[in-house]
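The residues making up each chain are set out below.
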Amino acid sequence: MTTENTQLEKQSLKNVVIRFVGDSGDGMQLTGTQFSATSALLGNDIATFPNYPSEIRAPQGTVYGVSGFQVHIGESSIHTPGDDVDVLVAMNPAALKTNIGSVPPGKTIIVDTDNFTKKNLSKAGYEGNPLLTKQMDPFVVIEAPITSLTREAIKEVGLDKSSADRSKNMFALGMVYWMFSRPLEHTIEFFKKKFKNKPLVIEANIRALKAGYNYAQTLELMPSPFVVLPAKMEPGTYRIINGNTATAWGFMAAAEKSGLELYLGSYPITPASDILHELAKHLHFGVKAFQAEDEIAGVVSTIGASFAGELAITTTSGPGLALKGEAIGLAVMMEMPMVIVNVQRGGPSTGLPTKTEQSDLLQAMYGRNGESPAIVISASTPENCFDYAFIASKLAVEHMTPVILLTDGYIANGSAPWKIKTVEEMPEIKPRLVKEVEGKYEPYKRDKETLARTWAIPGTPGLEHRIGGLEKQDVTGNVSMDPENHQHMTKIRQEKVERVANYIPELQVEGAQEGDLLVVGWGGTFGSLFTAVNSMYENGEKIGLAHFNYINPLPKNTKEVFSRFKKIIVCELNMGQFYMILKSKFGEFDYYKHNKVQGLPFSVVELMNKFQQILDNK
Amino acid sequence: MTDTNKPVYTFKDFASDQEVRWCPGCDDYVVLRSIQKALPLMNKKKEDFVFVSGIGCSSRFPYYMDTYGIHGIHGRAAALATGIKLANHDLSVWIATGDGDALAIGGNHFIHLIRRNIDVNLVLFNNEIYGLTKGQFSPTSLLGQKTKSSPFGNIQPPFHPGELAIGSGSKFFARVAGGDTKLQQSIFVEVEKFEGAAIIEVLQNCVIFNDGAYDKYTDKAVKMDAQLRVEHGKPMIFGKENNKGLVLDGLKLKVVTIGEDGITEDDILIHDALDPDPTLHLMLARLEMPIVVGVIRAVPGKTVDEMCNLRLEETRAKSPFKSVNELFASGETYEVK
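Here the protein sequences come in this chain order: F and C.
Quick note: the first sequence uses numbering that gives the first Met the number 0, first residue 0, plus one each step.
Quick note: the second sequence uses numbering that gives the first Met the number 0, first residue 0, plus one each step.
There's no promise every hint is true.
To be verified - With a Cα cut of at most 30 Å, we get these calculated DSBU-like pairs of lysine-lysine:
no.	chain 1	residue 1	chain 2	residue 2
1	F	Lys582	F	Lys558
2	C	Lys43	C	Lys5
3	F	Lys280	C	Lys321
4	C	Lys336	F	Lys192
5	C	Lys11	F	Lys439
6	F	Lys256	C	Lys36
7	C	Lys317	F	Lys191
8	C	Lys45	F	Lys420
9	F	Lys195	C	Lys317
10	F	Lys192	C	Lys321
11	F	Lys13	F	Lys256
12	C	Lys145	C	Lys192
13	C	Lys336	F	Lys191
14	F	Lys418	C	Lys44
15	F	Lys193	C	Lys11
16	C	Lys45	F	Lys193
17	F	Lys191	F	Lys154
18	F	Lys13	C	Lys336
19	C	Lys36	F	Lys434
20	F	Lys444	C	Lys215
21	C	Lys336	F	Lys434
22	C	Lys336	F	Lys420
23	F	Lys555	F	Lys490
24	F	Lys439	C	Lys336
Claimed, not checked - Partial list, derived from the structure: chain C residues whose beta carbon lies under 10 Å from chain F:
no.	residue
25	Tyr28
26	Gly74
27	Phe193
28	Glu194
29	Lys233
30	Asn308
31	Thr314
32	Lys336
What the hints contain is simulated information worked out from the structure, not anything from laboratory work.
Where is the CB? At the ideal position from N, CA and C, for every residue including glycine.
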């Protein structure tokens with residue numbers, strides 16, 4: 000089957016946002032990832048974002064059981080999964096109810112009318128059938144009896160009814176494939192591979208997919224098909240990757256580059272567990288993924304593995320970082336290398352486990368007892384989680400200190416094309432391992448430039464030494480309660496982290512290099528901030544974006560960059576945590592703030608409105 | 000691993016240059032010297048020993064050993080040791096911990112170390128009190144015990160370390176009096192050979208905050224009648240006259256005297272430390288008078304650290320991948336021209 004549509008004229012679109020929503024058991028994540036992968040293969044740039052409930056199988060048909068997957072495809076660079084939805088596929092009334100607000104007038108909504116039963120309407124909280132009311136007038140509504148058409152299409156396959164109904168998502172996908180002129184081959188191949196031993200399931204899904212495609216083609220109510228041309232992307236080999244996988248792979252690349260073995264000590268927590276799952280697969284690369292009894296054992300076993308000479312990491316999310324605080328302090332005190340990944344989610348407490356937020360920044364910076372400085376860096380896109388996991392490892396083992404890597408649920412679960420990298424093209428990593436010394440080994444003797452100590456691991460003859468959480472004398476590491484020594488060591492630990500600024504890149508500005516407004520962000524908000532700033536810059540505004548990946552220490556040119564703009568606005572998905580840090584370090588500047596804590600990313604429109612308001616208020 | 004090139008050590012090789020700072024008369028000195036004397040008897044090089052601890056008086060232990068060591072944070076020694084052992088299976092890893100460190104704040108790690116049977120040796124200094132924080136009741140303090148934090152008498156029932164360990168699936172449990180250096184050395188040599196999590200409870204007298212807690216077992220006058228030393232394959236006989244022994248009376252252990260009521264030595268239970276069934280071991284661990292010392296349970300079993308190591312090596316040998324580059328380029332990729 001090909002994408003030929005001879006009868007209808009194709010409309011060309013620059014970019015499109017499609018959202019698939021249904022019950023959490025309806026297979027919407029699979030539908031969305033298939034659409035994304037097929038589009039990527041056609042050369043579109045893409046960004047995706049799954050949005051699912053924290054319940055695994057919430058009661059069917061209810062609004063809190065709605066699971067969605069949004070994909071943004073384009074012929075130009077795409078940096079966010081998109082704000083407004085161009086095509087909404089709603090498999091039931093609850094899905095329609097919870098998502099109709101994201102669809103602007105004039106856009107398309109596809110519904111499975113078979114599920115708009117009295118019972119489902121009432122579960123969704125509708126008094127009557129919205130499809131029969133004026134509420135739907137502003138939209139192009141495609142009413143399709145998807146469930147019954149799917150049953151009809153696959154009745155000869157011989158699956159029982161509930162197995163058969165699981166294919167209805169493929170009928171919907173087939174419809175959308177036709178709408179966007181996508182070929183079916185990739186998805187057909189996917190099913191053949193995935194269900195190798197279940198020929199009936201393969202057959203049912205392929206039939207449903209084709210039936211949906213043909214139904215859309217023959218249906219006169221459907222708008223004309225769209226074309227989204229390939230994006231102009233740097234040539235090379237790509238794959239679609241989500242942030243958590245990219246994080247795991249970044250660590251694996253760092254282990255290979257450094258010649259160390261990778262150890263992960265972790266306790267399952269949403270949305271970080273996928274890093275554990277990914278690393279657990281790779282025993283053959285020498286990766287030890289240890290699922291501990293709790294968050295504390297996760298991080299503490301990581302310190303043990305680091306002491307024994309491994310590239311040691313632990314992964315968690317906000318509440319887990321709180322539990323790990325004391326142990327991270329131990330690593331700061333002992334000056335042990337390790338990486339702590341915090342995939343941030345909405346807080347405090349259990350908060351919004353499956354939603355995104357940036358509210359652990361101050362916890363990462365200061366959430367430990369005593370003067371306890373650690374390197375803090377953040378990834379800003381799904382694909383650059385790879386680079387920052389690699390860099391976090393490099394900084395840890397070269398500077399002998401814990402590094403906290405912040406990502407968030409949005410980039411961890413979101414995916415994007417990744418131009419595949421190789422270990423060879425990544426920077427060198429030189430762990431400070433020591434095999435022998437002249438005379439007695441002094442564990443806290445330091446490198447003059449970095450102030451980092453050396454790393455002698457058990458099994459090395461002659462370098463036996465003891466380290467611990469008690470304050471120690473510089474150089475020898477012997478326990479010391481001497482007042483002057485404590486002040487000295489506190490300063491050394493601080494300065495060691497500050498000197499990392501000599502080894503990280505300078506801050507780059509996107510858009511205007513000087514001018515009226517500098518937008519400041521960090522971490523996973525890059526996509527929305529960049530899209531908003533770039534669009535205004537292209538419209539002639541003197542607006543720039545300084546997006547931070549290095550937070551402690553800050554890049555050396557931060558102050559100089561800030562001084563080039565008349566106004567500065569700090570945008571974060573929290574109540575102003577980075578703003579507090581900047582205010583305390585660079586108090587000479589005035590800062591505007593834009594903050595949001597709704598468990599959702601910034602929308603480009605809200606940002607542009609905010610920036611315009613500040614620019615106009617001259 | 001057997002190493003024939005191992006240098007000949009004496010206890011001095013394992014003493015660090017740090018001044019030992021426990022209270023005068025503390026049993027910790029005895030245990031320290033017992034370990035320093037036992038290590039040269041083991042088939043290991045000095046650089047392959049690691050001592051790990053948490054927080055508490057006994058947790059200062061690693062500082063006094065001239066080996067690799069970490070003085071960690073409160074309760075977490077078992078987790079540190081687990082990470083070390085998973086990272087390097089060949090190391091001999093020892094934990095020095097106390098009743099508060101291992102059974103209160105570190106209780107979770109203690110039971111999971113045992114569940115996983117990680118091949119480490121855990122020396123539990125049980126003094127039934129918090130010493131370093133100056134005298135609060137611990138999870139092994141007795142009911143009614145008056146301490147700084149229980150001035151009206153302790154109302155929290157104690158854990159029995161042996162019961163907790165065996166209940167968690169412990170394969171190795173031994174007990175020894177704090178002053179008994181001879182038995183300590185023999186147990187330490189034995190645990191080093193044992194593969195799995197070895198729990199050694201030391202009845203350690205705290206001379207400052209809980210002095211005399213074990214006098215009923217350790218006083219010279221009563222010791223022979225109050226301690227039963229078990230040895231695998233030997234009858235459980237004890238007493239000044241060496242004429243007392245243990246028999247099973249229904250489902251309970253009973254102390255009998257050989258030569259009385261028709262009891263002969265043949266009636267006395269033979270200790271089987273290798274019995275996988277923990278029933279009798281649990282009864283021995285719980286017995287209050289006499290208290291049982293020596294190796295109560297030593298059952299061979301798989302250790303998670305070894306399984307992890309084996310599985311990793313096997314998988315690696317079979318793997319088609321030599322570099323992560325091959326993984327990155329595998330599966331669904333596409334070209335942009």
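So, going through the hints one by one against the coordinates:
For the given pair, F/Lys582 sits about 11 Å from F/Lys558 by alpha-carbon distance, which is consistent with the 30 Å threshold. Annotation: proposed proximity of C/Lys43 to C/Lys5 holds, straight-line Cα distance about 7 Å (limit 30 Å). About 15 Å separates the Cα atoms of F/Lys280 and C/Lys321, which keeps this hinted pair within 30 Å; it holds. For the hint pairing C/Lys336 with F/Lys192, the CA-to-CA distance comes to about 27 Å; that is within 30 Å, so the pair holds.
For the hint pairing C/Lys11 with F/Lys439, the CA-to-CA distance comes to about 17 Å; that is within 30 Å, so the pair holds. The suggested pairing of F/Lys256 with C/Lys36 is violated, with an alpha-carbon distance near 43 Å, which exceeds 30 Å. With a C-alpha separation of about 26 Å, the suggested pair C/Lys317 and F/Lys191 falls inside the 30 Å cut-off, and the hint holds. In summary, the hint linking C/Lys45 to F/Lys420 is not supported, as the alpha carbons are separated by about 43 Å, beyond the 30 Å threshold.
As the CA atoms of F/Lys195 and C/Lys317 are separated by approximately 23 Å, the hinted pair is consistent with the 30 Å bound. Taking the CA atoms of F/Lys192 and C/Lys321, the gap is about 25 Å. The hint holds against a cut of 30 Å. Under the criterion of a C-alpha separation no larger than 30 Å, the hint pairing F/Lys13 with F/Lys256 is inconsistent with the structure, at around 40 Å. Between C/Lys145 and C/Lys192, the direct Cα distance comes to roughly 41 Å. Violation of the 30 Å bound is thereby established for this hinted pair.
Distance hint between C/Lys336 and F/Lys191 is fulfilled; the C-alpha atoms sit about 28 Å from each other, no more than 30 Å. A distance of roughly 48 Å separates the Cα atoms of F/Lys418 and C/Lys44; the hinted pair therefore is violated under the 30 Å criterion. For a cut-off of 30 Å, the pair hint linking F/Lys193 to C/Lys11 is broken: about 63 Å separates their Cα positions. A threshold of 30 Å between alpha carbons decides the hint, and for C/Lys45 with F/Lys193 the separation of about 53 Å lies outside it, so the pair is violated.
Between F/Lys191 and F/Lys154, the direct Cα distance comes to roughly 20 Å. Compliance with the 30 Å bound is thereby established for this hinted pair. A distance of roughly 20 Å separates the Cα atoms of F/Lys13 and C/Lys336; the hinted pair therefore holds under the 30 Å criterion. The hinted pair formed by C/Lys36 and F/Lys434 meets the criterion: a straight-line CA distance of about 28 Å does not exceed 30 Å. Our distance criterion of 30 Å between C-alpha atoms is broken by F/Lys444 and C/Lys215, whose separation comes to about 51 Å.
Between C/Lys336 and F/Lys434 the alpha-carbon distance is near 48 Å, which puts this suggested pair outside the 30 Å criterion. Note on C/Lys336 and F/Lys420: the hinted pairing holds, with a Cα-Cα distance of about 16 Å set against a maximum of 30 Å. Restraint check for F/Lys555 and F/Lys490: satisfied, since their Cα atoms lie roughly 19 Å apart, inside the 30 Å limit. As the CA atoms of F/Lys439 and C/Lys336 are separated by approximately 59 Å, the hinted pair breaks the 30 Å bound.
Because the beta carbon of C/Tyr28 sits about 18 Å from the nearest beta carbon in chain F, more than 10 Å, this interface hint is broken. Contact between C/Gly74 and chain F, as hinted, is supported at the beta carbon level, the nearest pair being about 8 Å apart and thus within 10 Å. The closest approach between the C-beta of C/Phe193 and any C-beta of chain F is roughly 20 Å, which is over the 10 Å cut-off, so the hint fails. Below 10 Å, beta-carbon pairs count as interface contacts, and C/Glu194 has none with chain F, the closest being about 18 Å; its hint is therefore violated.
A hinted interface residue such as C/Lys233 counts as satisfied when its beta carbon comes closer than 10 Å to some beta carbon of chain F; here the least separation is about 37 Å, so the hint is violated. Proximity of C/Asn308 to chain F holds as hinted, the smallest CB-CB distance being about 9 Å (cut-off 10 Å). Hint status for C/Thr314 relative to chain F: holds, with the closest Cβ pair at about 4 Å, below 10 Å. For C/Lys336, the shortest C-beta to C-beta distance to chain F is roughly 5 Å, which falls under 10 Å, so the interface hint holds.
Taken one by one, the earlier hints fail for this structure at numbers 6, 8, 11, 12, 14, 15, 16, 20, 21, 24, 25, 27, 28 and 29, listed in ascending order.
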